[in-house]
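If you're matching them up, the sequences are chains G and P in order. Those letters in the first sequence? Residues -16 to 106, by my numbering. Those letters in the second sequence? Residues 19 to 206, by my numbering.
The hints are simulated quantities; they were obtained by calculation from the structure and are not laboratory data. Hints are supplied without guarantee of correctness; some may be wrong.
As the list claims (entries may be wrong) - Residues on chain G that point at chain P, a partial pick, calculated with CB under 7 Å: (1) Met(-16); (2) Lys(-15); (3) Leu(-13); (4) Arg(-6); (5) Gln31; (6) Ala32; (7) Thr34; (8) Glu35; (9) Val95; (10) Val96.
In this text the structure is predicted, and so the values were computed from the model without any measurement. Built from N, CA and C at the ideal position, the CB exists for glycine as well.
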Amino acid sequence: MKSLAELQALRDKMKGNMGVRHDDTGNIRVVVGMATCGIAAGARPVLQAFTEEIAKRGLKNVTVAQTGCIGICQYEPVVEVTVPGKEKVTYVKMNPEKAVKVVVDHLVNGKVVTEYTIGAVKK
Amino acid sequence: MQELSLNLLDVAENSVRAGAGLIEILVEETPSSDLLALEIKDDGCGMSQEQAQRVTDPFYTTRTTRKVGLGVPFLKMAAQLTGGDLSIESQPGKGTRMRAWFGYSHIDRMPLGDVAGTVTTLIQCNPQVEFRYTYRWENKEFVLDTREVRQTLDGVPIQSPEVITFLGEMIRENMEELRETEREETRQ
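Only chain G is shown next, with the shape it has when bound in the complex (with noise of 0.2 Å):
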């Protein structure tokens, strides 16, 4: 069973890999709105998957935040992408396996997954 002590390993782990930045200004930012209207239309399974993906595939410049509701409810789960020096990206009606297509797709490939945007869906 996993413990603290077993944490640790983790930590020395992660420590020799040398991945860990404290400074976080150049990483890529993925938003996910965590209000009673994101967490009712299921963004905690999103986030948990853009977690585990994330985690999977050893990514270290990748930032995964919250926000509140940014009022488009009717779209929620509702998830902006950030890459530095790009236009902001917002993806909706997002679950789990669109998050893990996201992280491929735009976090390791750079593609935005445009059929997920608002832009596509709104039309």
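Could you slot chain P onto chain G? The hints should help.
Showing chain P alone in chain G's frame:
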């Protein structure tokens, strides 16, 4: 919301927005007394007595994007439907304590759901806040305190996806272990 753990996340997010530095979450499952309780206690900005009374009014909210605040009223309704209720104690400048309790075996009681997912989501998204999560099954307890976790991590960010995934598994395994031990003792 189909899971109590999602309600827990929703209410704890209110504590985050109240500027809390420490949020204490308690989940109590006591089948022997037919009780399931959730408690969230924070040291945030608190509310006046009048505000605290209006929290359970669906047409009261402090947010500006909509005119309704449905999180707490629905949770109160869900609790009352199972013979339980919801209470809020708050003091401006001191913090807020909310407790919701349910009839454990009531057919209308929502499943608890993924509490580990709720706790890790809170930790990951709010690295500036400390969390103390206590899970109580009958008279046995498991506690996860982010202050202890941070000490162990020695500078490695707590919100790192690897750490969050680890903490989620740790919470799940320990909760399951408590339930199993109790079941085995009952059998003997």
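Results for each hint:
1. Below 7 Å, beta-carbon pairs count as interface contacts, and Met(-16)/G has one with chain P at about 5 Å; its hint therefore holds.
2. Satisfaction of the interface hint for Lys(-15)/G is found here, the shortest Cβ-Cβ separation to chain P being roughly 4 Å, below the 7 Å cut-off.
3. Interface hint at Leu(-13)/G: satisfied, since its Cβ lies 5 Å from the closest Cβ of chain P, which is below the 7 Å cut-off.
4. Evaluation of the Arg(-6)/G hint against chain P yields a held restraint, the C-beta minimum of about 5 Å falling below 7 Å.
5. Interface hint at Gln31/G: satisfied, since its Cβ lies 6 Å from the closest Cβ of chain P, which is below the 7 Å cut-off.
6. This hint is violated: Ala32/G has a C-beta 11 Å from the nearest C-beta of chain P, more than the 7 Å allowed.
7. With its C-beta approaching chain P no nearer than about 5 Å, Thr34/G sits inside the 7 Å limit, and its interface hint holds.
8. Contact between Glu35/G and chain P, as hinted, is supported at the beta carbon level, the nearest pair being about 6 Å apart and thus within 7 Å.
9. At its closest, the beta carbon of Val95/G sits 22 Å from a beta carbon of chain P; the interface hint therefore is violated under the 7 Å criterion.
10. Interface restraint check: Val96/G against chain P, minimum CB-CB distance 20 Å, threshold 7 Å, status violated.
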